[in-house]
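Join the two chains, each given in its own frame, into one complex according to the hints.
If you read the sequences in order, they're chains A and B.
The numbering of the first sequence is my numbering, which starts it at 1 and goes up by one.
The numbering of the second sequence is my numbering, which starts it at 1001 and goes up by one.
In short, the hints are calculated from the structure, not lab data.
Among these hints, one or two may not hold up.
Label-pair restraints from in silico Cβ distances [to be verified]:
#1 535(A) x 1093(B): 46 to 56 Å
#2 1170(B) x 588(A): 48 to 58 Å
#3 1123(B) x 490(A): 54 to 64 Å
Chain A is nowhere near these chain B residues, computed Cβ spacing over 10 Å in every case [what the hints assert, rightly or not]:
#4 1072
#5 1114
#6 1125
Computed from a prediction, not measured in an experiment: that's the story for all the values here.
Each residue gets a CB set at the ideal place from its N, CA and C atoms; glycine is no exception.
Given next are the chains, with one letter for each unit.
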Amino acid sequence: MAEAHTPALLLQGAVYLGAAVLAVPLSKRLGLGSVLGYLIAGILIGPWGLGLIAETETVLHFSEFGVVMMLFLIGLEIELDKLLELRMPIFGMGGLQVLLTIGLVVALGLFLHLDWRLALVAGMGVAMSSTAIAMQVLAEQGVLAQPSGRSAFAVLLFQDLAVIPLMILLLVIAPGTETASGFHMDWFAITKAIALVVVLIVGGKYLLRPILRYIANTGLREIFIAFALFLIIGVSILMTSVGLSMGLGAFIAGVLLADSEYRQELELDIEPFKGLLLGLFFIAVGMSVNLPLIMQQPWLVLGLGLGFVMLKLVLLFGLARAFGHKSQDALLFALTLSQVGEFAFVIFNAAADARIFTDNTASLLNSVVAISMLTTPLFMLAHGVYLRKRLNRKSSSHDAFEEQRAVIVAGFGRVGQVVTRLLSSVGQPPTVIDFDPNQIDLMRQFGHKAYYGDITRPDVLRAAGIAKAKLLILAIDNAEDALETARYVRKHYPQVTILARARNRSYAFEYMDLEVDFVRETFAGALQLGEKVLTELGYSRFHAYRTAWRFRQHDEKLMWASHPIRNDMQQVVVNSLRMRNDLTRILTEEQQGDDKRERINQGWEQVGRTEADRS
Amino acid sequence: MAQRVLILFSHPYAEASRVNRALLNAVLDLPDVTVHDLYQHYPEQMIDVEHEQALVAEHDVLVFQHPLFWYSCPALMKSWLDTVLTFGWAYGDDGDALRGKPWVHAITSGGAANVYQRMAYNQFSIAELLRPFEQTATLCGMPYLQPFLTQDVNQLDEIALQKRAAQYAAWVQALVDGDLPPVVHTAHAPQVDFLEGA
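Only chain B is shown next, with the shape it has when bound in the complex (with noise of 0.2 Å):
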């Protein structure tokens, strides 16, 4: 049976985003997957918990697509995980509307994957400085899914772009085809480095 899946994406300047927006328009007409533009549908930034909810209770896979703003996701997307993973919902003793359903981003940086590493440049790896949301979906009972990383987009000509963005559909297929990437468990890996999988 296809897996349900809903693409939380988060860019404050989408329509200035050229990687972000080509990945999105790839998998915007797939069946069964649903595209929820938070900075779209809440300019404001107040997030309509319910209707949230609602919507995350209709899906099976959670994809959280964005940028990489500061070693971390856009602020809404934040705000989105403060208000709409409640307790008693997400996490605590009856909270459990997320058990099971997998959390996964797909993460554009500008960054090439050489600069996020031990020792490099920006000193972390990506899948250490996600953290936060792994153990976030640890908690949901959620299985927390390798990524799919876009690096180094500035050098991104346009027809790599298009071949990209047709790897994103075909990974965002997967998905929906129940064909899952490996999950992560970074706190006790010897070493956090699986960002070449994607």
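So that you can see chain A by itself, here it is in the shape it has in the complex (with noise of 0.2 Å):
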């Protein structure tokens, strides 16, 4: 009956949500970060632990959607050079990887005389790494724009790519299959396969940005959410009817939807479904931790699971040191990697369906996958202790922030190197926080203060004096992060004034909200290259520079006006079309010299114009 059912649905979901907030709120608050608390959340709901959820498996393939559109929103993210960009990495390391890990799994096996299929699944499945959490790793580390995050991005991507073939070479090694058949349908499959890519890019090119386009100007926000999950589900679905994996085609959506004018709103509207579908899949795998399987033979499924990540992780190393990155950033790229990941479900399940194992070990391995996945956030946290140990030791004194200065830089990139050279010069050097170690090495080299930390924590925050300090400058790379800890510091420490560098306008709107000072970064320069232009076309260099400086007095009116209308697109453009008409008016009543203006410049020389003119 209906009663019955409804209920039973909503209390599933009660409970995963109930789990989720009482579990990942504590976890974080251990340092332990999210992903763990979803995993221990999961194990503790799940059919072998207090046995709230009983059926795990259409939850994680429920949730596996959280993982494909975070694929969605990595796409997005890229743009096809980027993408061109990456192929050296992407095939290079992600096929070396892919290969060497199932080289060296099989070998493993071959010497304890294990069945070669068995060895062979399980070397595949070895060698998938899980993006959920390395994608999750990576950008609570912030280091997807670097070295370590691009090749750790790549090789996640070739795995993508590998699932295919590897599927199908599954069929073809299952027990009672014909090798000619087994042939014969590959090749039908992957025609398809490719005729499907072929159809998503051209279609996407030329179908998606109308469909989107005649969506969005009926101004119904929820349908154009509804087609973006449409969209994605669509493609989804597709490209498993042809053997492709989900994410896969997510991805390709993104990337073909990553220039179009809807890319923030798509990843608006999109980000808090893969928030929680991604914690609904965390929690799923760690449902499926089977703990009496675990307890029958706890030495063995361990021993598999730490087994197989300290091979990934040796392998891992030295490929990223084979490819050119320095240790530190392959210990990174290694570690964010190490686990086995959801791909490896699909593999084990699908060949306990082709009878190549039976049930109970693809039980087994499932379970060694999970117990795998928990090392990660452990080994980030570890991996997080020992760089602020080594970077404190490394530390020309001891003063781990015990000195308290009166202003503190978030950010050692670009911005903040320039502004904290600017201030030492001047008798005022910043307490400087950045969470990129080899940055912070580097300035220390040169006898700067920096400090390893996430700017965003407030325990790192305090630890810096915020408190006592007078100035916060945010000069951090990433811009949501640089607002959210305004918007922190705004509430919490009221009396410390904060500059922050705004990537846009739309930022700097929101500093305006919160009456923060700011300057557009990338405004100044863009202001003197105008100046140098308008030399090159004639105008004297002081003229230029009055120009420029005209310009700029303009555009901060502009901003300021466009404040309060920010949301109506209509009247901006109106207020910015009347102001503009304005300026130019101005400037060229300037350069042309018009009687009024010309004499602003000339000033006194009137004088004795004037007095030859009377006499």
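Here's what the structure looks like:
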């Protein structure tokens, strides 16, 4: 009956959400990160924990959409040029990683006299890393844009691609399959898959944008969200229907929309779904940890889990070093990808279906995968502690945040460095925080006081002496984190003056809301460039400087005027057009020497002329 | 009716200037007095002419407060005069925006009064040195008033400085009340020496 059915679903939902709400903040507080919190919550409520939820399989399938959406969002962030740039790490590092991992596991299996099919499938599974965990970790560490992060991303992408041939390979090696018919099937499947990808790319390029524009023009936000979800789910279903991975489809859809005007809107709309579904996914993974099985053979499961992780760690580290990463980067890269990923579940279950091994073996291997996933957050925790220790030990004196200074500079990149040097040169050296260890090492060599830490964390802010600081300068690259920090500091330390670097106009508006003073990060440079252009066009240097200054005054005025109406695009446009006309009039009059304007710059010369006219 | 007084303050290192800071602080909160710190407002020395002209239009008396730099005013104040006092606005056939508004300096100098004398160390009196300003005011139809001089500033101890600041506040208050210092004409004066008045 319907009444009996609906409450069960709601009850499950309540259990999931409740577990997440209980476990995740606790885990974050303990510094273990959100992933571990979700996993533990899953173990607790799962069939082998408290047994609140029985069916793990469906949940796992459903929640895989979290990973799919994440890949879509990653796709949105990537432009095609960038993807081409990553060719080398994708195929070089990714290919070698997958092949070497499979090879090593098979060799190990054969050495232990296991069935070669079992060893091969195990190798295939182990070669996969968890996109969900790795991307989460990379994002939390803020290293997505850095060499190690990009390499990790490239390898993950290759693994995603590799699932296709591996799944086909499964069918080939399945006992009882005729080799010839197996190959026959493959070619058909491959053709279908390629055809679909081509259709997606062409369709995405020429159809998607008009559709999105049409829907956006209706002004119904929920329909826009609905279409975005439909798009992701639809593409995913299409991809699975030809044997490709759902994530790959979502990724392609994302890349196709990356340079469209809807990118930001889509990102904002999908983000909350992604977060929740990813959480659900981790919970489901936690639930699939088969506790009784582990209790039966604890050493086997734990040993296999840790063994695989160690194997991957060594291999990945070596690979990263071979591809020219510094050992610090290589370590982070290896740690990030060391776990066995969600595709392993897919491969193992498919292998069980194809009777390559028994359901029991699949269950055992699945638990091993889940165990390996537990290790990553713990590794990251240890890595953080190690980094802090190493950096503070290396610091010239023993003053880890002991000395509190009036100015805190968050972020030691292009902007932070210049500000720090300027301040140091007037005898006001700031406390500098960044979470790129290499950067900190480098700046310490130049004698600056720099500390490793994530500025968005309240404890780091406190340790840096925010309570007694006069000024906080937000120069970190991640605009969202900067804004978040500004909000937090505004709320809890209102006496601290914040100076921020605003990425663009919309961030500038956010800072205006907070009454935080800011500079637009590329504005001054762009103005200087414009000034040089004017000089090249024949303006005198002073005239060019003055014109650029006038433009700036005008632009700042325009921004303040747009602030209250910024959500009404039409008004903003009308207002800017009006003000732009004003500016053009003023500047061209100045240039063409309109009588009145001319005299502003000529001043007293007119006196003589008037006197001469009179006499 | 109260006269609205605009103090156009020019000092490139105002935070380091003990005397000018003290004088300025004494008048910051006086009603009907606007203090306009030029170097603070235009760190790039680019003057917004329209803004300045509007500001002048809102006031009845212009006070130029500045240290004496090389027998003249700091560069930004000169730039202010060069750009704001435009033909057709400040002078010329239709230029009567300033007509009748008194112009007066409040000057600090390191040297004592006796070095600014004929035949003395600096050879000229301050009134003579300020003649370009006097003529500018005259051209714009502005009464040019006897300045408020604070001299020998390095010898001013804290008590004397506070006293001087109080005197300055009283002097500015007198401007607000319409109780103006005498007008100066040096062109036809036999001896250019009006300095002891303020």
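Handout entry: Assessment of proposed distance window 54 to 64 Å (beta carbons of residue 1123(B), residue 490(A))
Key = holds, 59 Å
Exercise for the section: Run the C-beta distances from residue 1072(B) to all of chain A and say if the shortest one exceeds 10 Å. Expected result: Residue 1072(B) is indeed farther than 10 Å from all Cβ atoms of chain A, at 15 Å.
Exercise for the section: Confirm or reject the statement that residue 1114(B) sits farther than 10 Å, beta carbon to beta carbon, from all of chain A. Expected result: Consistent with the label, residue 1114(B) stays out of reach of chain A, its closest Cβ about 33 Å off (over 10 Å).
Problem - Outcome of range test on Cβ distance (residue 535(A), residue 1093(B); 46 to 56 Å) - result: For residue 1093(B) against residue 535(A), whose Cβ atoms are near 36 Å apart, the range 46 to 56 Å is violated.
Handout entry: residue 1125(B) non-interfacial with respect to chain A [C-beta, more than 10 Å]
Key = holds, 24 Å
Problem - Hint check for residue 588(A) and residue 1170(B) - Cβ pair distance inside 48 to 58 Å - result: Since residue 1170(B) and residue 588(A) have Cβ atoms about 50 Å apart, the given range 48 to 58 Å holds.
Hint 1 from the earlier list is the only one contradicted by this structure; the remaining hints agree with it.
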